[in-house]
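S.K.: Chain residues, written in single-letter form:
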Amino acid sequence: MFFLFPGSCLGMQDHEAPPRSIKKMKTKFKIRRFDPQKDQAPRFQEYELEVPQGATLLDCVNLIKWTQDGTLSYRMSCRSAICGSCAMKVNGHARLACKTQAKDVIKNNLVVLEPLGNMTVIKDLAVDLEPFWEKVEKVMPWLVNDEEVSPGVERLQSPEDFHKIDAASTCIMCASCFSDCCSEEVDKEYLGPTALAKAQRFVCDSRDKKQFERISKLSKEKGIWDCTHCGECSQRCPTDAKPLERIVELRNVALNSGVLNNNGARHAKAFVDSIAKSGRLNENELPVKSMGFFNIKGLLEILPVGIRMLIRGKNPPLIHHSIEDMDQVKKIFREFGEPK
Amino acid sequence: MKFAFYPGCVAQGAARELKASTEALAKKLGIELVPMPNATCCGAGVITEQNPVLSNTLNARTFAIAEKMGLDILNICGTCQGVMKKAQKELKESPKKLEEANKSMAGSGLEYRGKVKVRHLLNVLIEDIGADKLKSMVRRPLKDLRIGAFYGCYALRPGELSGLKDPDNPDEIENLVRALGGEPVDYPGRLRCCGFPYVMMSKRNALTMAGNHISAAKENGANCMVTPCPLCHLNLDPYQPESAKIVGKELNVPIFHLPQMVGLALGISPKELQLSKHIIRFKESLTQSR
Amino acid sequence: MLQHDVVIVGSGLAGMRAALEVCGELNTAIVTKVYPSRSHSGAAQGGVAASLANEAKDDNWELHMFDTVKGSDYLGDQDAIEIMAKDAPTTIREMEHFGCPFSRTPEGKIAQRDFGGHSRPRSCYAADRTGHALLHTLHEQVMRRKKDLTIYSEFYLLSLIIKDGVCGGITAMDIKTRKIEVIRVRSVIFATGGYGRAFSITSNAFASTGDGIMAAYRVGLPLQDMEFVQFHPTGLFGQGILVSEAARGEGGYLLNSKGERFMEKYASSRMELAPRDIVSRSEQTEIDEGRGVGPNGKAIHLDMRHLGREKILERLPQVRQLGIDFIGMDMVEEPILIQPTAHYSMGGIPTDNDGRVIIDDKKTRITGFFAAGECACVSVHGANRLGTNSLLDALVFGRRTGKTVLEETRNKDFPPVNEEEEIGKVKKEISDILDSPGTESMNDIRNSLKDNMMDRCGVFRDKTRLEECLKAVKGLQARFPKGKIMDKGTNFNTEIIEAIELRNMLDFSEIIVTGALAREESRGGHARKDFPKRDDVKWLKHTLAAKAADGGIELKYKPVAITKHRPEERKY
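Protein chains in written order, with the working numbering: chain A, 1 to 340; chain B, 1001 to 1290; chain C, 2001 to 2572.
The set of hints was computed from the structure by calculation and includes no laboratory data. Here the structure is a predicted model, which means the values were calculated and not measured.
To be clear about the criterion: a stretch of chain A counts as covered by chain C if any three or more of its residues have a C-beta under 8 Å from a C-beta of chain C, and this derived list gives those stretches:
1) 47 to 60
2) 119 to 127
3) 150 to 156
Beta carbons: idealized from backbone N, C-alpha and C, even for Gly.
Extracted from the complex, chain A is given alone in its bound form (with noise of 0.2 Å):
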């Protein structure tokens, strides 16, 4: 930009980077290298920068590959946070580089920069995509309706149906919600938060003819009920997409229209019996109702850490009583048709 505004005070190098008056500080970028071609491991490389007011995260790295690193690799396209490309981890979470204010991320001076978590590093800032991409193939991310519509006419959607596709087709598949996943970290066959927000846009789309075929796809192991609910997928989320919100109304859709053959589904319901007995959780009835009453292997599981507390006297009390004005609670649950 200095260049546009010669004898300006900016200090800029180039103009990707916002003008306006600056305030002059030194900022130490600590960003992850690693090209496993040369590299054993990889390393912390560390760059000063004077980042100049109102540049975006982008800005900046743009400013030290551009300026101090032809080396450095990451990945980076529209810069206006709708295509998703330069998702990476600062300060260890994953956020979108040109969305974030280098202002709000800079503490004591100093940023550090990671590639995204739960895939394998290319080079530096960029990962391999392809198991990313795969998860979401695997949901079969398209509208299947076969019936016969003529090309001078739309089908119709009522405002009301289409607002409830609306939140989950603002991804822009930035893959920061696969990044921070926790259950991913475990376990590379969940389907992760991607695949299910995408899956919900479909779900939930009246137009969609497969909603049965794909939740009971979905309620399989490695599905919906292998979210933990930490709900790191919507914090990091770029987009209104969020992507716990979205499993959530999965779970709803799965447990409303009977798909409940899976310990995820029979714990929701146990949980949601529970409380309209007594008003508290029964933790003792809980366990086996979620496993399934005829699921021994599952319960002979469970037992040494039952045993365990008994022991120590943690055990919920083998008197499960309720609360007081349960009465009060029958009639809320009543009203709203609960439990079904």
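Knowing the structure of chain A, use the given hints to seat chains B and C on it.
M.R.: Below, chains B and C without anything else, positioned relative to chain A:
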């Protein structure tokens, strides 16, 4: 200081030591805890999966009970706190949802007006009492304790509801640890999920998470951990022997409930704090009074 | 050597839409420098035009056609525009059938709204991210056809292979490994997007570096109307990122340093909602005459504060967020700084109405080579594109081109390709760049180019500045071979890609400036201060710029197709 005390299901069930230690600590700090015998479960984010309106309504009822008592709610469970904050947000943002909830309470003499504050013990300790005050009350500095804080998901996310200054990189528990004379230990995983919510669905994965975090804390020098959420505690403590097997490491790291840690520093006896109820026990030398 | 019946270069709307027509029957591949969902079509916000008449019952294709012809300042080919306007409703409904999440009217039809230059509310939209919704819908269909369609993601186009007027394939580099591949084909479709990146202030993605058009130019094909670049009036200052027309639609004011709503002087009836080229010129006039705001007076204020906090949060949350995220300014608190931003490339590879690349006014073809979308010049936008016609162009002509290619490729043989020779050529080019003396900074060259183009070949142009600009561009071209490359590695080497992109930018900039210098009139996006009037007698014609035998640029012209509407003065 006086609160409508909402211990939550787990502190009245499998983690009764949490309720007991909270009560002991409250006494020490001069906090009056008024029971809410008619409050329901918060739903733990599970009821909402079956029926989001029902879940919000049950919480609205709990809020209404507290409003009737004229008291703010004190939570000691990170999950209850997170779920309630979220319910408050949704009810605040949608007058329709609020109306619906109040309608279904009609006749019970309860109405939620959006006034009650929902506080977690952690926030009360930091904001109302303050690290300095706590520091001045310390009778048994935690100087041998190198403590890994485990925040728990619901205390952190969504960040805007957490009440923490920087939920992406919080230091509230660490500051408490310091004030109490202990040494906070930073480790990867302190802000991650313990795995408890799906321990019944995907036990191996759930315990891998717990095992990884405990082992990371230990590798970074922790000799114990602390958590403000009894659900995390369930996965970190009672399941720890299984977690150790799954991650193939010796763990043996005792886990404090938050009020146990604070109470210990303030001179409450380990017995009163019911430390002996834990599966992984503290070495006596670390917790004995002096 | 890789081999496919059809290779489509580019994975935006035009490329993926064409692919869906071709794949299945023919062995088809898409080569893209990004991932399909990351193509720049996704950045379009406002909508896509089609006379569905869901909002205005009296809308029809004739009105759409006339608005487009008028918007083009009569440089658009009317036969092509007629096709686009007629095809639009079917094409958009087909996207709906594919699953595109369009916003809806109360009765459930595709919602439509007003847009600059259109006489009826015919912009079909998906909230304020229409391009994104369309792009992802096509990507979904492409994933559905996975078995029939090979995707080469993060493959960078290096050259087009043409011998004796017949296209035999392309060469491309796998960005992940730097490996160069020859892909032999029966037909190639270019859908490689625009060339806005040569301007310092642009709404374009980093990827919009005119790679396709330059590959065509290098093998001797002409480029059409390259001097026509659209400047959008509301780019975020310094960044150029687009602030949607919705901001002005909701009642935003454009203010100069005196706090005046200066549009009163330039378009008193439409004010801030006059067409894009007019508003951009008005802003630039204020800036040039010393009434700009911001650093060195190079910006204009977009003031939304009179709407009040609540209305801004309710109606324009995304636009407000844009200011906060990208330049750290909150429009609730203060007017935000904006400026004209290079937005759309009207020029490109000349094609007929079915995507066939043609090289002269006799419609002489290059066998097996097709183009669609922003890289092509059909021409439906002429001298100035109307908002919401770009997504439409990409979809309509992507689809038509796909159908043509399917027809024409079925019974066509693979032309012979000399793999070694083709690889040798591009390898040498790359090694020249890698082995340069490294005495020049690529960053400086790139910045100089962009500043030159913006300052001297931007919203306003004149002979002196264009000549200075041409000289500067040539100087930069001479410095380029000495540009420094630090990354000599083969693993995800983006520095070498950026260098080749810079070479493309330098070369098409020369073509833009040369065309602009020759065109001594003002028309649409091309505004000459020294020739402020449109001149239909001399200049109602398309520019064709091709490489001359001496390596210079040779300009030829071809007539505009005028079928229904005689040119008249363009007043709003």
